[in-house]
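Peer 1: In my numbering, the protein residues as written are 167 to 263.
Possibly wrong hints are sitting among the right ones.
Here are the computed lysine-lysine pairs in the BS3-like style, where the Cα-Cα straight-line distance is at most 27 Å [to be verified]:
hint : residue 1 : residue 2
1    : K251      : K206
2    : K174      : K194
3    : K238      : K174
Each pair of labels, with its calculated beta carbon distance range [what the hints assert, rightly or not]:
hint : residue 1 : residue 2 : range
4    : K194      : R226      : 14 to 22 Å
5    : Y176      : L213      : 31 to 39 Å
6    : K174      : Q209      : 12 to 20 Å
7    : E228      : Q196      : 25 to 33 Å
8    : P214      : M167      : 16 to 24 Å
9    : K168      : R226      : 16 to 24 Å
Calculated from the structure, these hints are not laboratory results. Think of the CB as a built atom: it goes at the ideal place given N, C-alpha and C, for glycine as much as any other residue.
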Amino acid sequence: MKSIFSFKVYAVAFHVKQMIRFYRYCEKMQQTVYVYGKSKVEQIHQLPELLSVLIANLSRDEECLVVVEGDKAGQLKNVLATLRKRMVLENKAVCFA
Numbered sequence: 167m168k169s170i171f172s173f174k175v176y177a178v179a180f181h182v183k184q185m186i187r188f189y190r191y192c193e194k195m196q197q198t199v200y201v202y203g204k205s206k207v208e209q210i211h212q213l214p215e216l217l218s219v220l221i222a223n224l225s226r227d228e229e230c231l232v233v234v235e236g237d238k239a240g241q242l243k244n245v246l247a248t249l250r251k252r253m254v255l256e257n258k259a260v261c262f263a
């Protein structure tokens, strides 16, 4: 059974590395990814498309919405939480190095 989850991406907190990792998991699990900007919705088919759509949306607005649809969307929600924690730890390591 398909399920969905969504999260906002903010321009001030956007990390390319984090989104690349996340999208790779989406590809492995064969989930569908959409990016909702203020004026349109785009289904994402490849990583470069995700990055260009996010950058285009975030250059115009402060935020956009990423929606993941599929039978493993719940698992990806946990993956995203782990990636966010890892990113915080990496940023702290850089600050203290």
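Peer 1: Next, verify each hint and record whether it holds.
Peer 2: Taking the hints in turn, this is what the structure says about them:
1. Taking the CA atoms of K251 and K206, the gap is near 30 Å; set against the 27 Å cutoff, the hint is violated.
2. Restraint check for K174 and K194: the C-alpha separation of about 22 Å stays at or below 27 Å, so the hint holds.
3. Distance check on the hinted pair: K238 and K174 sit about 19 Å apart at the alpha-carbon level, within 27 Å; holds.
4. Against the hinted window of 14 to 22 Å, the Cβ-Cβ separation of K194 and R226 comes to about 31 Å, which falls outside the hint.
5. The hinted range of 31 to 39 Å is not satisfied by Y176 and L213, whose Cβ atoms lie roughly 20 Å apart.
6. Against the hinted window of 12 to 20 Å, the Cβ-Cβ separation of K174 and Q209 comes to about 18 Å, which satisfies the hint.
7. Taking the beta carbon of each, E228 and Q196 are about 31 Å apart, inside 25 to 33 Å as hinted.
8. The beta-carbon spacing between P214 and M167, approximately 31 Å, falls outside the hinted interval of 16 to 24 Å.
9. At roughly 30 Å, the beta-carbon separation of K168 and R226 lies outside the given 16 to 24 Å, and the hint is violated.
Hint check: violations occur at hints 1, 4, 5, 8, 9; the rest are consistent with the structure.
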